[in-house]
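Participant: Sequence:
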Amino acid sequence: MKKTYLAAAIAATFAIQGTAFAQDYQMEAGLSYIDLDADTAIGLDFTYFLETVSTAERPLSEAYFLGRNNNLSASYVTFDEADVDGFGLGGEFWFDDIYAAASLSDLDGDQDFSARVGYMFSDNFLLNGGLADGDSYADPSVLVGAKYVAKLGENFVNLEADLDLNDDNTLMLVGDYFFTNEFSAGVRVTESDADGADTVFGVGARYFFTPVVSGEIEYATADSIDTYGLRVAARF
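Position 52 of the sequence shown, counting from 1, maps to 52 under the numbering used here, and the rest follow consecutively.
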């Protein structure tokens, strides 16, 4: 249970300094490797943006959010020791200040889905709420989330909070500081009421080696169980 909970925490924070020039894009594809202490997983992900994403004068990893760029995404993951596969489909859409998102996931035949609606109170501040249900839920969950990307001096910060309300309430907090528009690093904390679930503490970083090629690393730990994640991505 603890290993599954820890893996879910690091996967959720997933969907190093240099100089790169901004370059617009419309697609992003990624390859991930996750070490789950007793298992390993390989993942693929792809996101298509319905409009070209402008990155000028924006942190590269948050450009689509600041630009309110509608997108569709798909992902696939395979676990070695457990010998199970999973996939996910999702989409995010903005209608002026109204935000809408939906996702569907399948892990070894167990399917879950979620839907959210929200409001952009400013160009960089989103509040949203929704529902999640499926085979891994005893009862539907109420979802509440917030995201804020803002200037801090000459740089940016990204702050996120997600609350999953059900019998086992879960709170996830994410904070990233952008040392440059290409390089960010931050902390993650996940707390759950689930039986046997310890607080998960994590750190993560992302660096764009070029305007369209990036690398990410995530590390999470709970009760002496460590999980590592690596991801490389390319934009087109």
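Bear in mind the hints are in silico, worked out from the structure with no lab data behind them. Just so it is clear, the structure is predicted and the values come from calculations on it, not from any experiment. Worth double-checking, as some hints may not be accurate.
[Stated by the list, open to error] Computed list of lysine to any residue pairs in SDA-like fashion (alpha-carbon distance at most 25 Å, straight line):
id, residue 1, residue 2
1, 147, 89
2, 147, 50
3, 151, 96
4, 147, 57
5, 147, 72
6, 147, 105
Participant: Each hint: holds or not?
Facilitator: Cross-check of the supplied hints:
1. 147 with 89: holds, 21 Å
2. 147 with 50: Roughly 21 Å separates the two Cα atoms, so the pair holds.
3. 151 with 96: Answer holds: residue 151 to residue 96 is near 22 Å, not above 25 Å.
4. 147 with 57: Between residue 147 and residue 57 the Cα gap is close to 19 Å, so the pair holds against 25 Å.
5. 147 with 72: Holds. Residue 147 to residue 72 sits at ~19 Å (cutoff 25 Å).
6. 147 with 105: Cα-Cα ~22 Å, so holds.
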